[in-house]
Amino acid sequence: MSYIIDRRLNAKNKSAVNRQRFLRRYREQIQKAVSDAVNERSITDIDKGGKVSIPGRDINEPIIHHGQGGYNERVLPGNKQFSEGDKIARPQGGSGQGGGGKASDSGEGMDDFSFTLSQEEFLDFMFDGLELPNLIKRQLSGLEEFKTVRGGIANEGQPGRMNIVRSLRSANMRRLALSGGKRRQLQELNAELAELEKIPESARDLIRYREVLELIAKLERSISKIPWLDTFDLKYNLMIKQPVPRSKAVMFCIMDVSGSMDQATKDIAKRFFILLYLFLQRNYEKTEIVFIRHHTSAKEVDEDEFFHSRETGGTVVSSALQLMQEIIKDRYSPEQWNIYGAQASDGDNWGEDSDVCRDILVDDLLPGCQYFSYIEITNNEHQALWSVYESIQQQYPDVFALQHIRGVGDIYPVFRELFHKKVA
Amino acid sequence: MKKPLFTTSEWNFDLIQDVDKVLGDLAAEFGLDTYPNQIEVISSEQMMDAYSSVGMPIGYSHWSYGKQLLSTEHSYKRGQMGLAYEIVINSNPCIAYLMEENTMTMQTLVIAHACYGHNSFFKGNYLFRTWTDASSIIDYLVFAKNYISKCEERYGISAVEDILDSCHALMNYGVDRYKRPYPISAQEEERRQNERAEYLQKHVNDLWRTIPKSAATDTQKNAPRFPTEPQENILYFLEKNSPLLESWQREVIRIVRKIAQYFYPQRQTQVMNEGWATFWHYTLLNELHERGYVTDGFIMEFLQSHTSVVAQPAYDSPYFSGINPYTLGFAMMSDIRRICENPTEEDRVWFPEIAGSNWKETLQFAMKNFKDESFILQFLSPKVMRDLKLFSIVDNDEEEKIRVDAIHNERGFRKLRENLAGQYNLGNREPNIQVYNVEVRGDRSLTLHHYMHNRRPLGDSTPEVLKHLHRLWGFDVHLHSVDGNDIKQSFHCQQHPS
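Line by line, the protein sequences are chains A and B.
Counting from 1, position 21 in the first sequence corresponds to residue 20 in numbering that gives the first Met the number 0; the numbering is continuous, with no gaps.
Counting from 1, position 354 in the second sequence corresponds to residue 353 in numbering that gives the first Met the number 0; the numbering is continuous, with no gaps.
It cannot be assumed that every hint is accurate.
Said to hold, decoys possible - With a straight-line Cα cutoff of 20 Å, these simulated EDC-like cross-link-like pairs (lysine to aspartate or glutamate) come out: (1) B:382 - A:83; (2) B:388 - A:85; (3) A:13 - B:151; (4) B:76 - A:111; (5) A:13 - B:160; (6) A:86 - B:399; (7) A:146 - A:130; (8) A:47 - B:72; (9) B:76 - A:119; (10) B:414 - A:85; (11) A:86 - B:398; (12) A:13 - B:44; (13) B:466 - A:57.
Claimed, not checked - Simulated coverage check for chain A against chain B, where a stretch passes if three residues somewhere in it have a Cβ under 8 Å from a Cβ of chain B: (14) 16-23; (15) 62-74; (16) 80-90; (17) 112-125.
What the hints assert, rightly or not - With the Cβ distance kept under 8 Å, some of the chain B side facing chain A (calculated, not the full set): (18) 12; (19) 19; (20) 23; (21) 62; (22) 63; (23) 68; (24) 167; (25) 168; (26) 315; (27) 401; (28) 402; (29) 455.
Derived by calculation from the structure, the hints in this document are not laboratory data.
Note that the coordinates shown come from a computational prediction; the quantities given were computed from them, not determined experimentally.
Virtual Cβ for every residue (Gly too), placed ideally from N, Cα, C.
Starting from the given sequences, assemble the full structure and let the hints guide the process.
Put into structure tokens, the structure is as follows:
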């Protein structure tokens, strides 16, 4: 007799927990593989999941087996030319004998272990351990977010929230309270009854005896009439809504698109901002992002234009900072908003403009900013802007950071450096 | 000619039921004795899940299963490999998984192969009858899974993972080769586990009692060794005697040990088991065709897949990866039938007792009473050796070249047969390692001996395994490779537990 069962509708990810265990255990190696992958990928599929490889030797599960050497006999199929007594030279590069398929266990020649991460997992690894620094200004922003918390016990509520233990306890109390006097009487009567029954039937006071029996029956009836559970007993868990203070944050992305930025440099800048953009989108859903691009004049643009438009010209960095300041004044009051800035440039700037930049930054922007990061993408000597920014960095080490990027390979490490979680 | 059971490749549940019924009747006609079948249709994702838990329907969680899953998923999604058509579990009822992607022909093949072939092997073979208990394994796995997840809650995932890692490294040395465990149910197991935990802890402490003794110094040499006899079941030894383990850790060792024991017969009967199942799907499906239950198209599709299953690439082919157990097993099983039905002169000389006998009975006898090693030694015929063009080589590190010491000719048959059988002897394949001594009164170090076979040394991962052993034992661990009375090589693990 056979039973045929359709299991296809059962949960299919029975092993998901094992998968998670694996990812947890090899977190470091995978993170490294992911960061390599980020650097190699083209801009468009930087956020896709995909193949990652980690060194096979790290995840090997050792068992005891025979090594090479000694006396081995082996039977093989498909003889074509050998006769008994023939001698064959040992194959070069690792003898195939003995271990039989164990060759891969022996150190070097081992392949990497490749597997596929989903997009979700990939991004998790990519942005693991990163955060926006100094995210502190929080405030009650009105209606958006509540969290429900338990607020004790109430006498009214919906049936789903009934607190069984409390309800039964209070029913029990009520029953005890209402029947207390009667029970005491009952006890006394029972004692009297027992006394009476000790006396032989002939000598017993039969009238009293009958009376006692009747009284007992009456009391028991009235005790049993007390309801076991009354609506009055029902207790409910009370849930109350608490408004949650929320931090509002805005990130200004400032990119230099002037003529001095060649295609490769722009590409690097874009990659950096794409990482930043993905990071914010993923980990800080409600963060607003303002895109500013500048050459001699700055302009606020939308995401699409920021990443794809091909405008170009000379360079005046302060124009972008000025615009940023105007936008802050207009829309993002520093009292309410956590303000962040990220600027990317090749360091090329118009003559005395660097000093103007410093003034704007130091006087206007930095006091209201949580964090401002500057990356310079260049293979050449640093110019005026870098040294100006360096001096600002020394003044404001907590809120101002600058990093230097030479090639594509630096982007992700620098990104991590700028936003890594600081242990308080 | 009757109407065939089906003519298209689409399957449905009614068809599977019909086919199973017909196959079941045929199997009974051929004298196959089986557990009841539980056929489960699953999707390819579920098949990958099943893969990753080494074929156990319920497994505890461990990263190595996740690793397996990731790599299967990766290769499957990139089209580098197909999934097995079926997985069958040695339980009662016998659970077989069919994939929904299979065609009706493949489903029929799989039912014949798994539900009647493997199933009757599980029920009949002496190793499975002695060592595993089909009716309680699922219960036990449920117990193990719950126990381990409870440990994880209580002691943390990492602590449990460490113990499991170490146990897995020694899994092949967690098997009783001679003593038969007797089956108990999950509830019983749980009740006993509590008793055991208490008892063990006392027992262990007793061994390590450190009451000072006068004049203990000169007894050092004469003191009896502990254990008095060398122990081959290392995990068992650790479970019972390791000084520092807590009782839950002992129980985890026990779980791994039990599961290793459950798989032990499978490791020893691969050729026979696959050969038997392949032989029967081949026989049953041809019978179906002969009786008109299936079409010619069916038999063509079936033969195509059957042929690729039993293909044996030659030793110099890029696809060669050892002897294909399906090929060898199928060739031998079919050959036994041939010897019974149409014996040649050669067969009468080599197999006087089975030539011309009833083939069904002879096959049943062979299936029930042998394991791979003894099966080959007993039944490998010159014809099979010729057909597979087997030859045997000797790789001796004292000689400069590899020597061919036997080929498929009159002089070589016996030698070939012995060598091939030796290749399936687990005792030869796995290094023979035994617990030799514990320094009970000294530094509590544990000494193991590796008894060398044919001078073969231990592999590179041995130091890694010793670290795991060290974790379970808690004190220094020494392993000596012994050839005769000489110690050829020694491994030590003396780090202190972190």
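Taking each numbered hint in turn, which are not upheld by the structure, reported in ascending numerical order? 7
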